[in-house]
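Chains as they are written, first to last, in this note's numbering: chain A, 22 to 364; chain B, 22 to 364; chain C, 22 to 364.
Since the hints were made in silico from the structure, they are not lab data. All of these numbers come straight from a predicted model, not from anything done at the bench. Here a beta-carbon is modelled for each residue, glycine too, at the ideal position from N, C-alpha and C. Hints may be right or wrong, so weigh each one.
Stated by the list, open to error - Derived coverage of chain C by chain A (criterion: at least 3 residues anywhere in the stretch with Cβ under 8 Å from a Cβ of chain A; other residues may be distant):
1) 203–217
2) 243–251
3) 326–333
Unchecked claim - Straight-line distance between alpha carbons at most 20 Å, and here's what the computed SDA-like set of lysine to any residue pairs gives:
4) A/Lys-220 to C/Lys-323
5) C/Lys-323 to B/Asp-350
6) B/Lys-68 to C/Leu-35
7) C/Lys-113 to C/Glu-30
8) A/Lys-319 to B/Cys-306
9) A/Lys-220 to C/Leu-35
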Amino acid sequence: MSENYSLGEVAAFLNAELRGDPQLRITGFNTLQNAGSGELAFLANEKYVSQLANSSADAVILSGRHASNIGGFSGALLILDNPYLGYAQISKWFDPTPQAHKGVHPSAVVDKSAQIGDNVSICANAVVDADAVIADNCYLAPGCYIGARSQLGEGCRISANVSIYHDISIGSGATIHSGAVIGADGFGFAPDGVGSWQKIYQIGGVVIGDNVEIGACTTIDRGALGDTRIGNGVIIDNHVQIAHNVAVGDNSALAAFSGIAGSSTLGSNCILAGDACLVGHIEVCDNVQIMARSLVTKSIAKPGSFASGTPLMETREWRKNAVRISQLDSMARRLKALEKSIK
Amino acid sequence: MSENYSLGEVAAFLNAELRGDPQLRITGFNTLQNAGSGELAFLANEKYVSQLANSSADAVILSGRHASNIGGFSGALLILDNPYLGYAQISKWFDPTPQAHKGVHPSAVVDKSAQIGDNVSICANAVVDADAVIADNCYLAPGCYIGARSQLGEGCRISANVSIYHDISIGSGATIHSGAVIGADGFGFAPDGVGSWQKIYQIGGVVIGDNVEIGACTTIDRGALGDTRIGNGVIIDNHVQIAHNVAVGDNSALAAFSGIAGSSTLGSNCILAGDACLVGHIEVCDNVQIMARSLVTKSIAKPGSFASGTPLMETREWRKNAVRISQLDSMARRLKALEKSIK
Amino acid sequence: MSENYSLGEVAAFLNAELRGDPQLRITGFNTLQNAGSGELAFLANEKYVSQLANSSADAVILSGRHASNIGGFSGALLILDNPYLGYAQISKWFDPTPQAHKGVHPSAVVDKSAQIGDNVSICANAVVDADAVIADNCYLAPGCYIGARSQLGEGCRISANVSIYHDISIGSGATIHSGAVIGADGFGFAPDGVGSWQKIYQIGGVVIGDNVEIGACTTIDRGALGDTRIGNGVIIDNHVQIAHNVAVGDNSALAAFSGIAGSSTLGSNCILAGDACLVGHIEVCDNVQIMARSLVTKSIAKPGSFASGTPLMETREWRKNAVRISQLDSMARRLKALEKSIK
């Protein structure tokens, strides 16, 4: 379980201005609304300013502007230019994730040709195949599988029941959540001319940079020829699909259900909101944001925000309006004809 | 395999009026169309009335109204007000799911600090971590993982290769299907001001009520601060995404590919049809239905049915109409101008 | 690792016309752009013709038409009517997938009543339950689970952490990727009349034909009554959902995130592009293509291509246009009124 810290330690770590008792013990982190005695909270979003006055938190991380208007709040203040980033940085101190025992659990199966670094935890029933390389300080949770010749950089955290196929390269500091699958075959088949599909064996791999997060039940397929590539610092949520030979640039963020079809490229510092998908064989440049549930059907060559989709309506209203979408071309032509006839 | 029962037993359990021989042995349950000798069927949907006359079922569950018009059907009748519910209630009698051996399989790895109730089955290669609590009559299938300090109430059924992280609380009677992941990190990151993402450690948990069903490859993330919450009697299909700090009210139903983004609330007795999704930080009240593939972008404060999306067309037609959607605002303005000029 | 072959062997296997040295050793397969010494490439798409002249490949598979116009390319030519199919056929020769050790790993748990064929590999921590039947030449990767009485035909390849429930029948030659789940309960519940859901036990199974590919994290649910059915030669990508009692005809292709809701039928030789979904209880005939992200809400009785959805716009433009969709019915009526008043 998480330990406890003095407010002075917290302030020093965050490089925050402290208004309050540096000896105060902090035992947890919570929301403004739910924080109680011994707990730290944060205020970053204008929407929650009104919760500050009545918060029972013992201390709050906030900006200078909000610090000058705390109403009846009587706890300590930790003043920072970017309180949301401060919260993010300190959050690790309160992470209840259990410490793993170092070493290889007797029920784990590690091929004798695998290279295992120092300080590695390989938990119950994990399997590491021939010639895999697991660098120092990695953690392999129960039931995960690392295929032959695959490599994990230092300090990777692989959760329970993750599957990593053969010949996959993952940089340092990766966090990969349960159910994720890295290196399954891309979806490649050629019509055989007589009505069936001829499988194209997927002989490429996957190359993943440093400090990447990969969500639960997310899939990143191996390349058909050459590798599927994920840059450094990329963050990927749950249920994301990255097809074969996709390339994702550094620090891009992919929310749940987003996906990129085969051979497409997503630039750096892009954001795919939930369920935003790219069709195959297109290129999206750096610094593009795609709104939730939008489908990108063409390359995008300039930074900006893009969207598709229709607004939510009561179903009764939607039925009346949606049917008109099938008449839109006709409506447009009739409108044009009217304009002409009036002129 | 399923056993066999007398028609009298079935009628008694369902509290049905029986027209037929109570000694008749029933060995299986099937559709009206496919049922044969020894088999029971049901009729609940008007659409299938015509199948009754020619059905070879030995007995059928149906309503009084349909019982008065059975054509040439010569089997027994079990008459009920709600035959669909009757079918659901009796279906368990014919469930071929194998009975599990009680006890801990020698290949399972159960931490000695874990508390295991009576009559529990822990199958091959399952792993139960430190201080986990598994109540009576639970079944843990092969390869599933229960993290440290997590708790399962009585009679939970956890399928093969399910992953449950640490500090998760699940009520009694849960059914959780293979590949589901409960308690992975929510997708929380703060921009660090120099182009990268600072991970926000997800220090909350997940609290799930009683009698919940969770489908295959469904993910329910742990809270960032405080818990993600699923009420009692909630039913969740495959490939569903429940993000951090979401709350779902009692008896709501979430179909495949539906999802709820971070910190949103779905009320009780709601239905999300397939692929219906909620964006983050909104509230949907009780008794709301969202149609298939609709995206809920704003809070909903009144019960009812809501939809978005566009109708299916032949691709040729769709191309002509879809392009007009990008011209809609212009069309609306031109229409208004015409109206003015005619007045 | 892949071996190496003479160009003559490759030409003979493909039945290709060879212009070049049949003794040349081929050690790998790569793209025109990336292929180097010892490597074979292919040219099938007009888009890449310009890469041929500068390619460093030692040999290229291409059509006769392209062979007559190779610019400065100095490597060998393998001339075929269908070079893409040729690439697909030869790709297996370069597949780096490790050869599995035959036999049952000591950590695997195989019930003594299971029938295991010749030449089968059952890897570390895999589990095979009672009365399962695993035919000759099957490969079960680490951590996969085969439920009671389920059957795999000859030469199936089941990847790590796949979950196959009880009473599932799979033909010969299946490839099933990690995280896939076959035979979980269909999503069947009846309202119990007092606000809760009564589970309908799913007593059917799943029957899958020969030579089927099933992607990572894909789910195929068991039938409620009777079986869910997948034909021969069907290819299914990642994150696909096949609900209970669906039937999919031979050689259909389902791309990532596509789905079919309960009791619907998809014909033979159909293509569902990415995220194309069918609602429940409809029938789609043979030879239908559904474009990406389209929702099929009604049966389709004639072959062809169908689509729904809206085009991508800059978000600013999209906001203006999307709001008009809620006004479409009113616009259509006003347009009609104008037309009348002008006549």
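Consistency of the hints with the structure:
{"no.": "1", "hint": "203–217", "verdict": "violated (count 0)"}
{"no.": "2", "hint": "243–251", "verdict": "violated (count 0)"}
{"no.": "3", "hint": "326–333", "verdict": "holds (count 4)"}
{"no.": "4", "hint": "A/Lys-220 to C/Lys-323", "verdict": "violated (28 Å)"}
{"no.": "5", "hint": "C/Lys-323 to B/Asp-350", "verdict": "violated (35 Å)"}
{"no.": "6", "hint": "B/Lys-68 to C/Leu-35", "verdict": "violated (53 Å)"}
{"no.": "7", "hint": "C/Lys-113 to C/Glu-30", "verdict": "holds (14 Å)"}
{"no.": "8", "hint": "A/Lys-319 to B/Cys-306", "verdict": "violated (38 Å)"}
{"no.": "9", "hint": "A/Lys-220 to C/Leu-35", "verdict": "holds (15 Å)"}
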